Amino acid sequence: MDAQLVVVIAGILLAAVIVGSVLFLRGYSGKFTFDTSGGTAPRASEGEGNTSGVAFKGRFTLLTLGVGAMFTALVAKLWSMQMVSSDYYDSLAQKNQTRTVTTPAPRGRILDRNGTPLVTNRSSLAVTAYRDLADDTVMVRHLANVLGIPYVACRRNIQDNTEGAQAQHTIATDVRRSAIAYIQEHAGDFAGVQIAERTERVYPYGTTAAHVLGYTGTITQEQLEAQKEAEAQGSDASRIEYQSGDIVGQAGVEIEYEKLLQGIRGEQTVTVDAGGNVTGQEGAVPARAGSDIRLTLDLTIQQGCEQGLAHAIEVAKQEGYENAGAGACVCLDCTNGEILGLASLPTFDPTVFVGGISSDLWSQFNSDDGGQPLINRAVSGQYMSASTIKSLSALAGLEYGIYSSSRTSNCTGWWTGNGEANGKWCWLHSGHGTMNLQSGIANSCDPVFYDIGRDFFYNDENPEGLQEMFRRWGLGAKTGVDLPSEGEGRVPDAAWKESFFKDWSAEERAWNAGDMTNIVIGQGDILVTPLQMAMVYAGIAMDGVEYTPHVFLSAVARDGEGDAYLYNETGKKEHLKPHINSDADLELVKAGLHDVIYSTNASTASHFNNLSVQIAGKSGTGEKAGEDEYAWFVAYAPADDPKYVVACVLEQGGGGSATALRAVRDVFGVIYNEPDTSDSVDTATR
Amino acid sequence: MAAKAPARSSASSLNRVNKKISTQRSSFRQLVNPGVLIAWVLLMAYGAVIIWSASLTNAEASFPRHLLGIGIGVVVAAVIWHIDLRNLANISNVLLVVDIMLVFLPYVPGLSVTAQGMTGWIRIPLVGLNFQPVEIVKLVTICFISALGAQYNGKIDTVRDYVRLCGMLAVPFCCVIVQGDLGSALVVFFGGAVVIMMSGAKKEWVLSTIAILIGLVSLLLATDSIIDGIFGDNNSIFKNYQMRRLLVFIDPSSDTSGSGYNLQQSLIAVGSGGFFGKGIGNATQATSGFLPEAHTDFVFALTSETFGFAGAIVLLALFALLMFSTIRVAAKSENLFLRLVCTGIVGLWMFQIFENIGMCIGLMPITGIPLPFISFGSSSMIAQCAAVGMVQSIWRHRAKAA
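As given, the protein sequences belong to chains A and B, one line each in that order. For the first sequence, this note's numbering begins at 1 and goes up steadily by one. For the second sequence, this note's numbering begins at 1 and goes up steadily by one.
Hints are computed from structural coordinates only; laboratory data are not their basis. Because the structure is a prediction, the values reported are computed rather than measured. Mixed in with the good hints there might be a few duds.
Stated by the list, open to error - Cross-link-like lysine to aspartate or glutamate pairs, in silico, DMTMM-like; alpha carbons within 25 Å at most:
#1 A/K57 - B/E293
#2 A/K77 - B/E204
#3 A/K577 - A/E399
#4 A/K317 - A/E241
#5 A/K95 - B/E293
#6 A/K57 - B/D228
#7 A/K577 - A/D333
#8 A/K424 - B/E204
#9 A/K95 - A/E241
#10 A/K57 - B/D157
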């Protein structure tokens with residue numbers, strides 16, 4: 001509307017100019033009418049000269065000047081274009097007739113620590129052609145028949161421009177050898193049809209380590225946009241440039257080490273005419289495969305974790321916990337943080353992502369009904385820690401002088417330390433009798449820890465010393481593992497409760513003794529990941545050092561010999577080093593953990609007695625309203641010179657000693673090649 | 001005597017020969033203006049080379065047909081050269097009628113032909129050649145306006161006479177516009193305007209006229225945009241695509257698909273030519289088909305890409321020689337009518353060359369005007385040769401009294 005207004009105003013102004021001009025001309029007209037009526041009046045008033053010869057000379061000069069000006073303008077413009085900006089236009093002309101098309105590079109393989117390939121590539125033969133082949137309907141029909149695909153699909157694939165208009169378009173992948181041979185034998189009939197070698201992901205061990213490995217997929221729009229943003233910010237130049245349609249890592253190691261695994265595309269320069277048809281080929285840079293990488297995973301231990309987890313779930317189901325089915329089991333080397341095995345159930349087959357996953361399957365994978373198999377429960381699953389946290393509670397009690405090693409509590413099965421109205425059961429309703437701290441850990445006696453929790457609550461100096469201890473050992477924070485979407489967990493305290501339950505009344509939101517007695521035994525609002533718990537026990541086993549957990553061991557050098565890059569190249573990476581108050585405290589806890597396995601329960605001991613190494617560990621049973629118990633078991637071995645830590649959690653799997661223990665024992669069985677011989681199921685101990 | 005006689009006879013024969021040569025030479029100069037002749041021949045030769053290079057990759061640029069056009073053109077020029085054009089000064093009414101008839105010739109049922117969706121063409125009976133009469137209209141209009149302008153003896157005294165002249169020019173101009181060829185109409189207008197100015201119109205009047213014309217065009221565009229806004233593009237005087245094509249030269253990157261694409265490719269062709277050009281057959285813009293109409297409207301881009309800045313300068317120099325020589329012919333002519341015709345022809349060339357080359361290098365809007373003597377197309381070639389024939393005729397008859 002504004003633009004039109006401007007036009008109208010300009011139009012009015014111009015109309016005024018016209019009227020003015022016409023009036024001006026009329027003025028001249030009148031004057032000369034008067035003049036001519038005067039007859040032979042002299043015309044000296046005109047400035048152009050008196051004779052026509054002089055007048056014409058002036059006019060010819062003007063005309064010559066006009067022509068000269070025209071040529072000057074043309075030459076000036078030509079000079080600026082052809083002499084000054086010639087290079088610019090030349091580059092445009094070059095760009096006009098060449099296009100760069102790319103050839104895909106194979107991704108690097110993923111190996112276990114011993115070099116056994118967990119993910120490798122399969123070459124598949126693809127039939128490709130340039131876009132203009134679609135014009136030859138006879139050949140396309142013939143080709144469709146040979147390939148055994150519908151004519152329409154064949155034609156559509158040839159015309160599909162997602163690989164770039166000037167690139168070879170894939171008509172069919174995984175083509176049968178016989179069809180390839182036929183096309184090659186009748187090359188004359190299939191002029192323009194090419195056979196290309198492609199690579200696709202292969203998983204020799206199926207679902208094994210699926211959650212660590214992750215899967216690949218076509219680059220998403222978001223990823224492309226993120227790349228554009230990064231480019232705009234001008235970050236590092238070594239970055240790989242992705243195109244629409246590229247296959248990239250989408251989960252697990254595949255996405256975490258995308259930069260190493262992704263190869264560098266080959267480039268081929270082709271010349272084209274104005275119609276975009278390829279007329280010739282020029283220089284080519286061959287594609288470079290991505291680096292192979294070695295993981296810390298040991299295939300045997302990995303399989304042990306998976307089978308142990310499945311076994312534990314089976315036991316849980318036999319015991320009547322029919323909702324059991326999900327869980328995680330992680331085994332790591334506490335001397336350096338290497339993750340040797342990591343299992344999560346339910347799992348998925350990464351093969352279904354090769355060549356694109358169907359949307360039905362994808363939505364099933366992401367629904368609660370499907371069990372959310374894509375979630376890596378070992379690093380992303382957050383559970384209440386249950387009694388496995390009692391080691392830390394004991395350390396806190398000792399350090400802050402809340403509960404000395406000589407103090408005892410009398411367990412009657414019903415603890416009334418917060419008054420009769422707020423009485424709490426020990427898991428053993430019949431009571432443990434008189435318990436000190438070590439036997440409290442060994443028997444997982446709740447009242448001992450209720451006392452610690454309550455006394456922390458009423459302690460004026462360190463009312464949150466318990467939470468401080470939890471955090472000191474890495475709870476409530478990421479471990480820094482090199483896997484995506486790691487969970488943080490949660491260490492609840494007064495400030496958290498205040499802000500978390502916003503719509504509660506102030507009184508309800510206030511931190512109380514009951515909250516303390518909950519988290520001190522790992523119930524209530526506390527959340528940990530299985531990996532975090534494994535790390536805590538690794539720290540205890542190593543007398544106060546936690547190494548950053550990792551699955552990446554090294555990138556294999558291109559010639560296949562030796563490592564180009566190691567995770568621990570600059571030495572072992574310490575995640576944290578929790579302060580230990582006194583060695584005696586830690587010894588007390590360790591003795592308690594050793595007693596858990598061997599002294600307190602015949603059933604538990606029966607599983608471990610035949611192992612040649614000593615084990616220390618702790619069970620746990622998380623209680624969640626409306627669901628069956630969550631079974632926990634964390635252990636390390638050998639107890640005197642620890643190397644392996646195994647942690648297992650089963651969602652709704654019952655008591656820790658009864659079910660989760662079996663997975664942990666199976667993993668140790670694989671590590672030491674000494675399988676579990678006991679069938680004993682301890683349903684009583686929590 | 002016997003000894004002297006041969007000496008005398010040899011001296012006299014030498015004198016005779018010398019005189020003969022000198023009269024021959026001077027009579028040749030009397031008959032043909034050498035500047036115009038040289039420029040004309042070289043331009044046609046240059047054009048032939050360019051069209052031949054275009055014919056290597058473009059089937060539409062038929063080299064034999066181009067040579068045929070040149071041949072007919074030379075014959076026509078020679079015929080006109082023999083005619084004394086002064087008689088035309090007295091038959092201005094006839095010229096006007098012929099002019100209008102030529103414009104509307106393509107509407108005569110037996111003659112009209114639709115070639116490649118274009119109108120404005122006739123098929124000459126019996127010969128079977130297609131021809132564009134509008135090319136001849138340009139010359140006839142110049143003669144017509146010159147005939148009128150010559151009546152004022154070099155000075156237009158009254159505004160009424162001036163306005164009448166302008167009105168007379170408007171007749172063929174409007175006819176060509178109605179016929180649907182804006183580009184040619186502008187050529188006609190510019191040539192006629194040069195004649196009127198040379199006829200002795202006052203500078204003030206000319207400036208006022210220019211102001212009025214700019215105002216009228218602006219009003220037209222303003223009205224068009226208002227109609228556009230209220231009633232939609234379908235009802236407006238200029239369609240949007242016409243406006244885009246008109247204005248795209250201001251910012252070639254604004255429209256990369258249609259005329260903007262053509263212009264962009266033309267700029268690339270000219271610019272990438274560099275100093276010496278890419279050589280015949282290596283002009284990638286033209287040979288790979290990026291440059292549209294490389295042998296007709298965008299022939300200058302082809303020339304610049306093939307022969308570079310040097311080749312373009314040579315071409316411009318030849319045009320300059322042609323035009324300055326023609327102005328000299330006009331100045332030497334003692335007949336006012338012929339003088340005006342000559343300047344009118346200079347005006348025609350001036351506009352066509354500036355518009356065509358300017359279009360190729362982004363100085364002017366894109367219109368379909370051929371480059372004289374170079375562009376492929378017999379109609380333009382024959383008409384331009386006829387113009388040269390007229391100039392030579394004027395040179396030949398310059399000294400004779402009216």
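Query raised in the report: Is it true that the CA of A/K95 sits at most 25 Å from the CA of A/E241?
Result: Given pair A/K95, A/E241 holds - Cα atoms ~20 Å apart, limit 25 Å.
**Report entry** 25 Å Cα cutoff - pair A/K577, A/E399
**Finding:** holds (16 Å)
Query raised in the report: Is the hinted pair A/K57 and B/D228 satisfied, with a Cα-Cα distance of at most 25 Å?
Result: violated (49 Å)
Query - Restraint check for A/K424 with B/E204, where alpha carbons must lie at most 25 Å apart - result: violated (112 Å)
Query raised in the report: Taken at face value, is the distance from the CA of B/E293 to the CA of A/K57 at most 25 Å?
Result: violated (41 Å)
Requested in this report: Please work out if A/K77 and B/E204 have their alpha carbons no farther apart than 25 Å.
Outcome: violated (31 Å)
Query raised in the report: Is A/K577 close enough to A/D333, meaning Cα to Cα at most 25 Å?
Result: Distance of about 16 Å is within 25 Å: holds.
Report task. Starting from A/K317, check that the Cα of A/E241 is at most 25 Å away, please. Result -> Violated, at about 50 Å.
Query raised in the report: Taking only the CA atoms, is the gap from A/K95 to B/E293 under or equal to 25 Å?
Result: holds (21 Å)
**Report entry** A/K57 paired with B/D157 [C-alpha distance capped at 25 Å]
**Finding:** holds (19 Å)
Checked against the numbered hints above, the structure violates hints 1, 2, 4, 6 and 8; every other hint is satisfied.
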